Amino acid sequence: MSHPPVAPGRPDSRALRLLWRVDAAWRLGRRPVALFLLHRLRLALGLPQRALARAHPPRGRFLPGVAPAAPDLPPGEAARLLRAAAALPERPDWHGPFNPAADALGLDLFGPGDVRPVWEASRFADLLVLVQAARLDPAGPHLAQAEARLAAWCAANPPFFGPAWACGQEAALRALALALALSLLQAEAPPASRALLERCARRIAATPAYAAAQDNNHAISEAAGAYACALLLRRDSAGHARRLARRVARLVAPDGGFAQVSAGYARLALDVLAVAEVLRQRHGAPAFPAPLPARAAALAAWLHQVTAAEDGSTPAMGVEDGSAFADLGLHGPQDARGSVERAARLFAGLGGDLPEEAGCAWLGLAVPAGRLARPARWRASGSQGWRSAGASAVLRGGRLRFRPAQADLLHLTLRDGPRAVLRDGGTGAYNPPAAWWWGALAGAAAHNAVVFDGTEPMPRAGRFLLARWPRVEDLPDGAWRRDAAGRVHARQVAVAGRVWTVTDRLSGRFRQAVLHWRLPAGPWRLTGEAATDGLVTIRVIAEQPPLLDLVQGWESPGYGRIAPCPLLRVTVAGGISRMTTIIALP
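Note that the UniProt record's numbering has the sequence shown beginning at 1, numbered continuously upward.
Since the hints were made in silico from the structure, they are not lab data.
From a predicted model like this one, the values you see are computed outputs, not experimental measurements.
Hints may contain errors.
Said to hold, decoys possible - Restraint-style ranges between C-beta atoms, simulated for each label pair:
#1 L550 <-> F110: 29 to 39 Å
#2 D108 <-> G574: 26 to 36 Å
#3 Q186 <-> L41: 43 to 53 Å
#4 L526 <-> L16: 34 to 44 Å
We put the CB at the ideal spot given by N, CA and C, even for glycine.
Between the sequences and the hints, there should be enough to build the whole structure, so can you do that?
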């Protein structure tokens, strides 16, 4: 299988790289840059290293000796969960290609391979499954297996060495999962669990400026993890609650828009906040300060808008890593309905699309009388959407307050029910095995938008950092962007029944503009000014007849994977100011 010779989008020279990093720092703003510099200064002074002086691995009992009876579950859920427990690997791969004996703060997280799957193995999802299974089958081996697995993990991952301790967010997610497991067992933390939580709290506290500087899930997860540790260790949790509320106030807009315009990362933030609220209620702690409850409810409503009611799938917006944190209903990373249902009940007193959701039953969350709405038109910070006759569209727009992760501005996703008709390429991997993945999935040509003269509107200044952000503003029925070269792309969306019309207006100096529409697999063919697979017809009109090509594109069907997909490429010459795409759904 061939692939395009796409460069990873990095500067061609050290001088350009420095220039683009300065540009990116200016756009990020003083707060995140100052926090990051503070983090680097603390590292240079050895402060985090001293805070994480060697500590013995926790030993002793982690869990209570008996499990309470299970709650009433929807039909078939108990058997499904017991099958999942039986299918767990005897010992997960907790280290991958990384050295478990290396100092965590000095570990190279990219040279040996991709650390993301390694981190997932240490988020204690298997612990939660075993604890649930122990409640369903008290006479079985599940509670003993959970105890043994915790002991084995601690022995294999001594604090603060190896990849499991390299990131404060991972320590926070681990602490939240352990605290939730103890809550499911209706037990206080035994001595070994308290010791593990204390070490997680130390790891979170060692690098606070780094988490805050990211302006993403790190900030929320680490504040929530510190809060959970304080609750279970019977320390003062009020300061951590206030910090978490401040982080949510900064990163989640009143309309539910999240700093990371990504359904996957919005789900992770929502899952973290839901677990924190469950723990708060169980321990009888005061309510979280405003605006946390209201912002969490708004975030749940946003995720509900972009989640397909039929199967829980979400559009591949921005980047995500396939997380399904604290997934008590075992929905997996492809189905966000359980996350919406849990958060909606906790923060909004409403339900989503799964009134019989098993995860909510485990938490004793009653089915509410009302459900979240699905309006025909909605708008949030960073995105807006339309809904008509069973189809839905999401446009990536809005003024850039936080750094974009991909060159996806004005990207449009169109879904007919759960089927993505116009789709995004997805994430691929944060440390892909081949450099060309960056351009194939993250570059401007990898999204359903216009590329001028084959150039990237935002050069890559680092692995997770883009420079020269365009100016982006919303329109009543769409959005527009202007790049650093003064070229403008304005996109408007209209729908009548099952026919969608996308109007792209172009201005500025350019020799050629290329519009990309990434398509689902199928027998696509060209017929004049249109492309069709026999069901969907996509027709493109311009002031002069455009050149249409069906070529091979690329998409990531899941984290760490890439596969070919059909791509409709529409090319127009400079001087063309308007293209209209009409999508007729069956």
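Status of the hints after comparison with the structure:
| no. | hint | in the structure |
| --- | --- | --- |
| 1 | L550 <-> F110: 29 to 39 Å | holds, 36 Å |
| 2 | D108 <-> G574: 26 to 36 Å | violated, 46 Å |
| 3 | Q186 <-> L41: 43 to 53 Å | holds, 45 Å |
| 4 | L526 <-> L16: 34 to 44 Å | holds, 39 Å |
In summary, the structure is inconsistent with hint 2 from the numbered list given earlier, while agreeing with all the others.
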